[in-house]
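Asks: Sequence:
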Amino acid sequence: MPSAPTSPASPPQHRPLLALLIRLGAIAAISTMTALVKLASAHGVHLAEIMFWRQGLTIPIILAWVMATGSLAQLKTNRPKTHAVRGIYGMIGMVLNFSAFIMLPLAEATTFGFTAPIFAVILSVILLKEKVGIYRSAAVALGFIGVIVIAQPGSGHIQPLGAAVALGAAFMIALISIQVADLNRTEKPLTIVFWFAAFSTPVAALFLPFVGKAHDGTTWALLAGIGVVGTVGQLLLTAALRYGAVASVIVMDYSSLIWATLYGWLIWDQLPPTATWLGAPMIIAAGLVIAWREHHLHRRRLEAARLAEKEAAL
0 MPSAPTSPAS PPQHRPLLAL LIRLGAIAAI STMTALVKLA SAHGVHLAEI MFWRQGLTIP
60 IILAWVMATG SLAQLKTNRP KTHAVRGIYG MIGMVLNFSA FIMLPLAEAT TFGFTAPIFA
120 VILSVILLKE KVGIYRSAAV ALGFIGVIVI AQPGSGHIQP LGAAVALGAA FMIALISIQV
180 ADLNRTEKPL TIVFWFAAFS TPVAALFLPF VGKAHDGTTW ALLAGIGVVG TVGQLLLTAA
240 LRYGAVASVI VMDYSSLIWA TLYGWLIWDQ LPPTATWLGA PMIIAAGLVI AWREHHLHRR
300 RLEAARLAEK EAAL
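Numbering that gives the first Met the number 0 puts the first residue of the sequence shown at 0, with every later residue one more than the last.
Careful: at least some of the hints might be erroneous.
[Unchecked claim] Here are the simulated lysine-lysine pairs, DSBU-like style, with alpha carbons at most 30 Å apart:
id : residue 1 : residue 2
1  : K130      : K309
2  : K80       : K128
3  : K128      : K309
The hints are simulated quantities; they were obtained by calculation from the structure and are not laboratory data.
Only a predicted model underlies this, so the values are computations on that prediction, with no experimental measurement involved.
Turn these sequences into a full structure, and let the hints steer you where they fit.
Replies: Okay, structure coming up:
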C-alpha cells in the first residue's frame with residue numbers, strides 16, 4: 000500500500016496540540032454532516048445520490064479555492080495509484096458509514112464507530128507486523144465487550160445488520176487512517192481530499208440515472224450542506240493527520256458522542272438507552288488506552304533513534 004515517489008509537499012510537522020484542535024473541529028463538522036445525511040435519507044434521497052453530492056461538491060469548492068489563491072499546482076501528484084486505492088477504500092467506507100447512520104440512532108452508530116482504534120491495533124498486527132503487548136490486547140478485549148453490551152445480541156435492542164454495518168465502517172476508518180497517514184508523508188491535505196473526490200464522484204454519478212430525482216428546496220439545502228460541511232470536515236481530518244500521529248489525534252473523535260446525542264435529542268427526540276451508556280465508556284476507555292500506549296511507544300522509538308544518532312556521532 001505505501002509508496003514513496005517524490006512529491007512537492009513539504010514534510011509533515013509534528014504539532015500535537017494543533018493536530019488535536021484541528022481534529023476537534025473536524026469531528027464537529029463530520030457529526031453535523033452525518034445528521035444531515037440522516038435527514039436527507041428521511042426526505043427520500045437515495046444513498047447513492049447523497050454520496051454523489053457529498054463528493055461532487057468537493058471538487059468545485061477545492062478548485063475555487065486553489066484558483067483564488069493561485070495554488071493550482073499543489074493538486075499535482077506523483078502517486079495516482081495510491082490515491083486510486085484510497086478512493087476505493089474511501090467509497091466503501093463512506094457507503095458503510097452513511098448506511099450505519101441511516102439505519103441506527105445517531106448515538107449508537109457513533110459509539111460503534113469508536114471501535115476504529117481497536118481495529119487499527121488489529122490491522123497493525125496484520126499489515127505492519129507489529130507486536131501487541133498486554134495493554135493493547137486488553138484494550139481490544141474491553142472494547143469488544145463494550146460492543147456486546149451495546150448491541151445485546153439476540154435481544155432485538157439494536158438492528159443486527161445496522162450494528163454489523165457500523166462495525167464494518169469502523170474497520171474501514173481504521174484502514175483509511177493508516178493509508179492517509181502514509182499519503183500525508185508526501186501530499187498536502189488539499190491534494191488528498193481533491194483526488195479522493197475526483198476518483199469517487201464519477202463512480203457515484205453512474206447511479207444517478209437510476210436513483211436521482213427532483214427535490215424541494217429543503218432537500219436541496221440538506222444535500223448542499225452535506226457537500227460543504229463534509230468537505231470542510233474531511234480537509235480538517237486530513238490536516239490533523241499531517242500534524243499529529245493517528246493514535247494521538249483519534250482521541251478527539253470521542254467528542255462526536257456529544258454531538259450525536261445533542262442532534263439525536265433535538266431533531267429525533269432520541270436519547271441513548273442505558274445499554275449505550277454502559278458500553279460506550281468501555282469502548283472509549285479501550286481507545287484511550289490504545290492512544291496512550293501508542294504515544295508511549297512513539298516516544299520510546301524517538302528516544303532510541305536519538306540515542307543511536309549520538310552513538311553514531313562518537
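Asks: Decide, hint by hint, whether the structure agrees.
Replies: Evaluation of the provided hints:
1. K130 to K309: 27 Å, holds
2. K80 to K128: Holds, at about 23 Å.
3. K128 to K309: Roughly 28 Å separates the two Cα atoms, so the pair holds.
The structure shown violates none of the earlier numbered hints.
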